[in-house]
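Q: For the record, the sequence lines run as chains A and B.
Here the first sequence is numbered in numbering that gives the first Met the number 0, starting from 0 and rising by one per residue.
Here the second sequence is numbered in numbering that gives the first Met the number 0, starting from 0 and rising by one per residue.
Everything labelled a hint here was simulated from the structure, so no lab data went into it.
All C-beta atoms in this analysis are idealised placements derived from N, C-alpha and C, irrespective of residue type, glycine included.
Do not take every clue at face value.
To be verified - Taking lysine to aspartate or glutamate pairs in the EDC-like style, the calculated list, with each CA pair at most 20 Å apart, reads:
#, chain 1, residue 1, chain 2, residue 2
1, A, 83, B, 135
2, A, 112, B, 135
3, A, 75, B, 247
Claimed, not checked - Part of the chain A face toward chain B, derived, beta carbon under 7 Å:
#, residue
4, 81
5, 88
6, 90
7, 109
8, 113
9, 253
10, 254
11, 257
12, 259
Claimed, not checked - Chain A is nowhere near these chain B residues, computed Cβ spacing over 10 Å in every case:
#, residue
13, 69
14, 75
15, 123
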Amino acid sequence: MGLRSYISLKDVVFSRSGRRIFNGVSMEIPRGKITAIMGPSGTGKTTLLRLIGGQLRPDSGSIMVDGHSVPDLRRKELYSLREKMGMLFQSGALFTDLSVFENVAFPMRVHTKLPEDMIHDIVLMKLEAVGLRGARNLMPSELSGGMIRRVALARSIALDPELIMYDEPFAGQDPIAMGVLVKLIRDLNSSMGLTSVLVSHDVKESLSICHYACIVADGRIIGAGTPAELENHPSEQVQQFLQGHPDGPVPFHYPSLAAAEDFGLAGGVS
Amino acid sequence: MDKIAALGHSGISMVISFGRAGRFLAGVLSGVPRPVTGFPLLMRQLYSVGVLSLAIVVVSGLFIGMVLGLQGYTILSDFGSEAAIGQMIALTLVRELGPVVTALLFAGRAGSALTAEIGLMKATEQLSSMEMMGVDPLRRVIAPRLWAGFIAMPVLAIIFSMVGIWGGMLVGVEWLGVFEGSYWGNMQASVDFRDDVVNGVIKSVVFGFVCAWIAVYQGYDCVPTSAGISSATTKTVVYSSLAVLGLDFVLTAVMFGNF
Numbered sequence: 000m001g002l003r004s005y006i007s008l009k010d011v012v013f014s015r016s017g018r019r020i021f022n023g024v025s026m027e028i029p030r031g032k033i034t035a036i037m038g039p040s041g042t043g044k045t046t047l048l049r050l051i052g053g054q055l056r057p058d059s060g061s062i063m064v065d066g067h068s069v070p071d072l073r074r075k076e077l078y079s080l081r082e083k084m085g086m087l088f089q090s091g092a093l094f095t096d097l098s099v100f101e102n103v104a105f106p107m108r109v110h111t112k113l114p115e116d117m118i119h120d121i122v123l124m125k126l127e128a129v130g131l132r133g134a135r136n137l138m139p140s141e142l143s144g145g146m147i148r149r150v151a152l153a154r155s156i157a158l159d160p161e162l163i164m165y166d167e168p169f170a171g172q173d174p175i176a177m178g179v180l181v182k183l184i185r186d187l188n189s190s191m192g193l194t195s196v197l198v199s200h201d202v203k204e205s206l207s208i209c210h211y212a213c214i215v216a217d218g219r220i221i222g223a224g225t226p227a228e229l230e231n232h233p234s235e236q237v238q239q240f241l242q243g244h245p246d247g248p249v250p251f252h253y254p255s256l257a258a259a260e261d262f263g264l265a266g267g268v269s
Numbered sequence: 000m001d002k003i004a005a006l007g008h009s010g011i012s013m014v015i016s017f018g019r020a021g022r023f024l025a026g027v028l029s030g031v032p033r034p035v036t037g038f039p040l041l042m043r044q045l046y047s048v049g050v051l052s053l054a055i056v057v058v059s060g061l062f063i064g065m066v067l068g069l070q071g072y073t074i075l076s077d078f079g080s081e082a083a084i085g086q087m088i089a090l091t092l093v094r095e096l097g098p099v100v101t102a103l104l105f106a107g108r109a110g111s112a113l114t115a116e117i118g119l120m121k122a123t124e125q126l127s128s129m130e131m132m133g134v135d136p137l138r139r140v141i142a143p144r145l146w147a148g149f150i151a152m153p154v155l156a157i158i159f160s161m162v163g164i165w166g167g168m169l170v171g172v173e174w175l176g177v178f179e180g181s182y183w184g185n186m187q188a189s190v191d192f193r194d195d196v197v198n199g200v201i202k203s204v205v206f207g208f209v210c211a212w213i214a215v216y217q218g219y220d221c222v223p224t225s226a227g228i229s230s231a232t233t234k235t236v237v238y239s240s241l242a243v244l245g246l247d248f249v250l251t252a253v254m255f256g257n258f
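If we strip away everything but chain A, and leave its shape as in the complex, we get (with noise of 0.2 Å):
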């Protein structure tokens, strides 16, 4: 992809607590479209979300975000550098002592200069896209599970970024919330240009959205393409994941002793 690419992974080795957790990855994520991340829990989607945004530093290979080479960047330059990314925790991670609006106005208050009447204007616009003006003065423990992840998005939206990350944005929402979430995630993309990675297992609502996607499982990428060219992937473990089937090259049990030996009749029924 080039200079298309926004973001590229080359040969991204990590490893935690001893655990390899990325054996060589490689990845392009293009500008100004939707790239979905998917796998199975626990394969570490959220790990290359933090890895993209500098929270952790690979063991080794290149991560590349705008032509900066995140983990040779100085911490100076790697706060500036997330001033242009925004990213929505799964837990939506608001500010629980700060109301509605004020969490939305803290990237501004932080980072601009503006007066306090334009702060004013963007955040009841930024709200306005989410569909939450009116709960501006409410404070995040009276809001909904939805309700919190559309203020967590209006508020990574607030300065306008470049990129935008979503961790699981779809995790435990009902199917109203889902949809919504899903509406907005296309819409923001579609009107703001912004480049988005969505990290998700929820593999209906992604791939109805994103332009890209690409599954990582065992520490690699073992597919990705277009959502029309995954669904025609040839790997029986990329089928497997996308079908939701319960036995394939996952297993359904867990690796254990032989049934025999485990229920003690190893040695024959005496």
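With chain A held as given, fit chain B onto it using these hints.
A: For chain B alone, coordinates are given in the frame of chain A:
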């Protein structure tokens, strides 16, 4: 052999933990202070750790002063020196009990709250989200809390000593009938500003710094689960109390040891 290995392992872990706490402190203190944004944050924390600790400090100071008055009168009257009760109460409070008891109360009241608050912010990804917004949580969240503890502790210790001296007077003078002039006069004659008051304040400054450091570090470094936060809160109170009592001995030996 396993026991020796375990001992070595725990020793290495302790050294690593000290190193991490040191690096953490350097990270917090290395930032250039920004008065415009930093001052309101500091004021909010001063209210939270200082003003809200006033009630427990004042009530404890009052009762400790009153107990000192009672005990001091009982002991000193055996020697006919009950007039010295004022100097006994003042020296005890200003040199020792003021800084030490305030620090122990501070660790239990404010230190544990700081740890739990920061730990919960970590568990709910608030610190991570701040980092991803390009805001350094060490400067935005940790530094104001550390400085607030550092500033609030000496003030609380002074208030504790003053209330204690007043409580001692209530019992000694108003109740047991010691002459008021002796109470204040002996105190004035024997309490030295440099040797007693300033040394007491220096102790509380050191305790304030150590208690606040332990509290914010334990919160920031905790395992972000409910069990992890609970364990970190307990560690804050235990480590702070031990550090205060140990440092008190060292500081007392240096200040009053006549080496």
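Q: Now, for every hint given, state plainly whether the structure supports it.
A: Taking the hints in turn, this is what the structure says about them:
no.: 1; hint: A/83 <-> B/135; result: holds (15 Å)
no.: 2; hint: A/112 <-> B/135; result: holds (18 Å)
no.: 3; hint: A/75 <-> B/247; result: violated (40 Å)
no.: 4; hint: 81; result: holds (4 Å)
no.: 5; hint: 88; result: holds (5 Å)
no.: 6; hint: 90; result: holds (5 Å)
no.: 7; hint: 109; result: holds (5 Å)
no.: 8; hint: 113; result: violated (14 Å)
no.: 9; hint: 253; result: violated (23 Å)
no.: 10; hint: 254; result: violated (27 Å)
no.: 11; hint: 257; result: violated (33 Å)
no.: 12; hint: 259; result: violated (36 Å)
no.: 13; hint: 69; result: holds (44 Å)
no.: 14; hint: 75; result: holds (51 Å)
no.: 15; hint: 123; result: violated (6 Å)
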